[in-house]
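**Q** Spelled out from the first residue to the last, the chains are:
Protein chains: 4
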Amino acid sequence: MKLIDTAALEARLADFARERDWDRFHNPRNLILALTGEVGELAEIFQWLTDAQAEAIMQGDKAEHVRQEVADVLLYLMRLAMVLKIDVDAAVRDKIALNAKKYPPLPEA
Amino acid sequence: MKLIDTAALEARLADFARERDWDRFHNPRNLILALTGEVGELAEIFQWLTDAQAEAIMQGDKAEHVRQEVADVLLYLMRLAMVLKIDVDAAVRDKIALNAKKYPPLPEA
Amino acid sequence: MKLIDTAALEARLADFARERDWDRFHNPRNLILALTGEVGELAEIFQWLTDAQAEAIMQGDKAEHVRQEVADVLLYLMRLAMVLKIDVDAAVRDKIALNAKKYPPLPEA
Amino acid sequence: MKLIDTAALEARLADFARERDWDRFHNPRNLILALTGEVGELAEIFQWLTDAQAEAIMQGDKAEHVRQEVADVLLYLMRLAMVLKIDVDAAVRDKIALNAKKYPPLPEA
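Protein sequences appear in the order of chains A, B, C and D.
Heads up: the first sequence is residues 1 to 109, going by our numbering.
Heads up: the second sequence is residues 1 to 109, going by our numbering.
Heads up: the third sequence is residues 1 to 109, going by our numbering.
Heads up: the fourth sequence is residues 1 to 109, going by our numbering.
The following block holds chain A by itself, in its conformation from the complex:
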């Protein structure tokens, strides 16, 4: 079983780019700059908030903006994975296995 299934999203994004002739713009460096831009927009929403305000953000009028920026980061990250032909499920699975070795779980109380 997959940890993350992105097949339908990847198909949708491939169509979306093709219908707009955007594949010529979607090379790795462009997409990393675009990803940087979207992470920047996300950071901007939170820059002057306290941690308490940040934790309550989805109950306020910025919720939809946050939701859209999270989606934008994910969309550009998926496009990057697509042009690099990275299987994100396998990549995530391997990285979690590495992290589990590097940071063993705490002993049960």
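Please keep in mind that the hints were generated in silico from the structure rather than gathered at the bench.
Any given hint could be a false lead.
List time: in silico DSSO-like cross-link candidates among lysine-lysine, alpha-carbon distance up to 30 angstroms [unchecked claim]:
1) Lys102(B) to Lys2(A)
2) Lys95(D) to Lys85(C)
3) Lys101(B) to Lys95(A)
4) Lys101(B) to Lys62(C)
5) Lys62(D) to Lys85(C)
6) Lys62(D) to Lys62(C)
7) Lys2(D) to Lys101(D)
8) Lys62(A) to Lys102(B)
9) Lys2(C) to Lys102(C)
10) Lys85(C) to Lys102(B)
11) Lys95(C) to Lys102(D)
12) Lys2(C) to Lys102(D)
13) Lys85(D) to Lys102(C)
14) Lys102(D) to Lys101(C)
15) Lys2(B) to Lys85(B)
16) Lys2(C) to Lys62(D)
17) Lys102(D) to Lys62(C)
18) Lys95(B) to Lys62(C)
19) Lys101(A) to Lys102(B)
20) Lys102(D) to Lys102(A)
21) Lys85(A) to Lys62(B)
22) Lys2(A) to Lys85(B)
23) Lys101(A) to Lys85(B)
None of the values given here were measured: they were computed from a predicted structure.
Using the hints, position chains B, C and D against chain A.
**A** Relative to chain A, chains B, C and D alone:
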């Protein structure tokens, strides 16, 4: 049908954080700083490459590093979505619909 | 002699923040998020450009936007240095010395 | 009088790049990716800290690391300004004037 199914990954990440008592660190601002850090590591791999070198990166010895950084960005983004209780499938679907209105497809040739 | 003299700018920024009661917002994590936001805006301007287009950007209609974003990155970086009480001239001098050891100059032809 | 005087630093960085034949790498998009990398390294230092811990960071063992990363961000930003032929003193002065109009000072108490 979902565009992206993250249920198993979210369950795995929830366990992973709980087993290490990491939930206390995973608040929105911390996770955005962590996301910034990982996007920075991804950018660093590509910073001195030409576009041609960047497009061939998965055939060279940096492939595994790129794969791990893409996974790290995705893992922190998912943790952020989890603490903000954002349904990423719905968020991505809504954002694609917005983008489709903003950027209509080209007419068929 | 200083490599970089920021005394007048720091005095101006201190006044600017005080006159707006902004010091309460200018803590290190807030300023790093703000810096991330501004670097993101800079990246966005360049995200779909070729290297050739990027090198000619100051001759086109995006020149003023680029200039403003470079200024914004510098202003938040200086505010961060100020709240951390970092002497940027000394920091830059020390880092260049470190880099010079790490990357020796090429032999003269 | 200048708000920020970077003449000596720019001369030093020009020599440094020339002595290592690095000018060929220092184009705008490369430098923005490098800047993203350095801001990411800065963010990483602060990612799991509380605001209180972040404010005390220069009294602890991470002080020198922070100082070096602030220097790195400044060095790449200056290289970017140099290749774009941006006069940072003029850019900063103009941006502060814009900000002053956009955010008028509070009335004196």
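**Q** Is Lys85(C) close enough to Lys102(B), meaning Cα to Cα at most 30 angstroms?
**A** Violated. Lys85(C) to Lys102(B) sits at ~46 angstroms, over the 30 angstroms cutoff.
**Q** Would you check the hint for Lys102(D) and Lys62(C), treating anything up to 30 angstroms between C-alpha atoms as holding?
**A** Between Lys102(D) and Lys62(C) the Cα gap is close to 21 angstroms, so the pair holds against 30 angstroms.
**Q** Could you grab the alpha-carbon distance between Lys85(A) and Lys62(B) and see if it respects the 30 angstroms cut-off?
**A** 14 angstroms, holds
**Q** Check whether the Cα positions of Lys2(B) and Lys85(B) lie no farther apart than 30 angstroms.
**A** 17 angstroms, holds
**Q** Are the Cα positions of Lys2(A) and Lys85(B) separated by 30 angstroms at most?
**A** Between Lys2(A) and Lys85(B) the Cα gap is close to 21 angstroms, so the pair holds against 30 angstroms.
**Q** If you draw a straight line from the CA of Lys95(D) to the CA of Lys85(C), is it 30 angstroms or shorter?
**A** Holds, because 23 angstroms separates the two Cα atoms, which is no more than 30 angstroms.
**Q** Keeping to a limit of 30 angstroms between CA atoms, is the pair of Lys62(D) and Lys85(C) held or broken?
**A** 14 angstroms, holds
**Q** Decide if the proposed pair is consistent with the structure: Lys101(B) and Lys62(C), CA atoms, cutoff 30 angstroms inclusive.
**A** Since the Cα atoms of Lys101(B) and Lys62(C) sit roughly 26 angstroms apart, the hinted pair holds (cutoff 30 angstroms).
**Q** Check whether the Cα positions of Lys2(C) and Lys102(D) lie no farther apart than 30 angstroms.
**A** 33 angstroms, violated
**Q** Under the criterion that the straight-line Cα-Cα distance not exceed 30 angstroms, is the pair Lys95(B), Lys62(C) satisfied?
**A** 27 angstroms, holds
**Q** With a cut-off of 30 angstroms on the C-alpha distance, tell me whether Lys2(D) and Lys101(D) pass.
**A** 21 angstroms, holds
**Q** Under the criterion that the straight-line Cα-Cα distance not exceed 30 angstroms, is the pair Lys95(C), Lys102(D) satisfied?
**A** 36 angstroms, violated
Hint compliance for this structure: hints 1, 3, 6, 10, 11, 12, 14, 19 and 20 are broken, all remaining hints hold.
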